[in-house]
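**Student:** Sequence:
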Amino acid sequence: MAQAILAQVILARVVVGASLKRGMAMASSHRARHRARPAGCAEVAALLLFLALRCRPRTASPGASDAGFAVLASNRRGSPAARLCAEGAGAGEDASATWRSAYELELERNGLLRDQLRSVDPAAPEARGQPEECALDWEENYARLRACNEALEGQLRTAQGGLGAASPQTELSEEELDARLPVVLDVKLEHRMTKIEVFRRHGAGSTFVTVEATLPLGLNITLRERGDLRGSFVVEDVLPGGFGEASGSIQTGDVLQALTTRVTSMGVTTFDSGVTQSTQHLVDASFLSSLTELVEAIGTNVNGDIILVLERPATTSVKTPP
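Per full-length UniProt numbering, numbering of the sequence shown is gapless, rising by one per residue and ending at 322.
Hints are computed from structural coordinates only; laboratory data are not their basis. In this text, all values refer to a predicted model and were calculated from it rather than measured experimentally. Ideal Cβ positions, reconstructed from N, Cα and C, are used throughout, including at glycine. Any given hint could be a false lead.
Between beta-carbon pairs, the in silico distance windows are [claimed, not checked]:
1) PRO182 to ARG157: 25 to 33 Å
2) SER96 to LEU291: 22 to 30 Å
3) LEU239 to LEU177: 33 to 41 Å
4) ASP228 to GLU174: 17 to 25 Å
5) ASP237 to VAL302: 55 to 63 Å
6) GLY111 to GLN155: 31 to 39 Å
7) ARG100 to LEU177: 49 to 57 Å
Listed next, the in silico SDA-like pairs over lysine to any residue satisfying Cα-Cα at most 25 Å (straight line) [stated by the list, open to error]:
8) LYS188 to VAL295
9) LYS195 to VAL211
10) LYS195 to ALA179
Using the sequences and the accompanying hints, generate a full structural model.
**Tutor:** Next up, the structure:
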């Protein structure tokens, strides 16, 4: 009853064009007294009526207040909010929709009040500060969001468990498990030995081949974008006239795991000033993200010599050159 009377007072003051400041103070006082208690259907109806009445022309006639009470009385049972409250009293989904509508209306009302406050006194929000009731409780919001996320994690684990039960994982053999471990390769460069750690792309049984090649290689190499070899540089074709065809040491399907590049430096001391030095380095091909970068890396080998580290599937054998 107290809520309905308060809603009538607020609506009556809206109809007669009463002071917005006083109306806000009354609404704030009401929310402070009833903060711990959720709003009822009467408040939802009042919110719907508030926006409807606000669009009416404001009058200051003596009977305006009575007219406001009459409108409230006539709409109390026939308004959309009243119907939703009556129909949704025992239905969770309808009740949720009612509260959502009420929240949206209250949010719109909040914007209208702020706009009107700024139009009355543009400096008011900065000078008076935000009311305490308008401050968000971030701790409470965080707690609710965290609880929601934990519930979602529980649903995800349940769903994943169901998928696991429907399609149990196949046990991997010892050879297949070993194939997933990194492989350390020794590679001989011009003046030193070096090591490189790579992962198999062709799976168990694949072999690694180190090839000392010369340019041009005569290879059609692509960067796979899908499938088991996605993200790998793969030899698609061995072209005529290049090193690959002449040597027979490079096969279609080989994965390029590493290659050498050359870095040229200029001497700066008294003894080597003006003298250029070329140093050979081994580069992991997985660090190259495009064919352009691969071509640039190959192009640094200006003397024509290059070392390739290739991975070959178990079913492929090396062809003997003619």
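**Student:** State for each hint whether it applies.
**Tutor:** Hints and how they fare:
no., hint, result
1, PRO182 to ARG157: 25 to 33 Å, "31 Å, holds"
2, SER96 to LEU291: 22 to 30 Å, "55 Å, violated"
3, LEU239 to LEU177: 33 to 41 Å, "38 Å, holds"
4, ASP228 to GLU174: 17 to 25 Å, "21 Å, holds"
5, ASP237 to VAL302: 55 to 63 Å, "26 Å, violated"
6, GLY111 to GLN155: 31 to 39 Å, "35 Å, holds"
7, ARG100 to LEU177: 49 to 57 Å, "53 Å, holds"
8, LYS188 to VAL295, "22 Å, holds"
9, LYS195 to VAL211, "15 Å, holds"
10, LYS195 to ALA179, "19 Å, holds"
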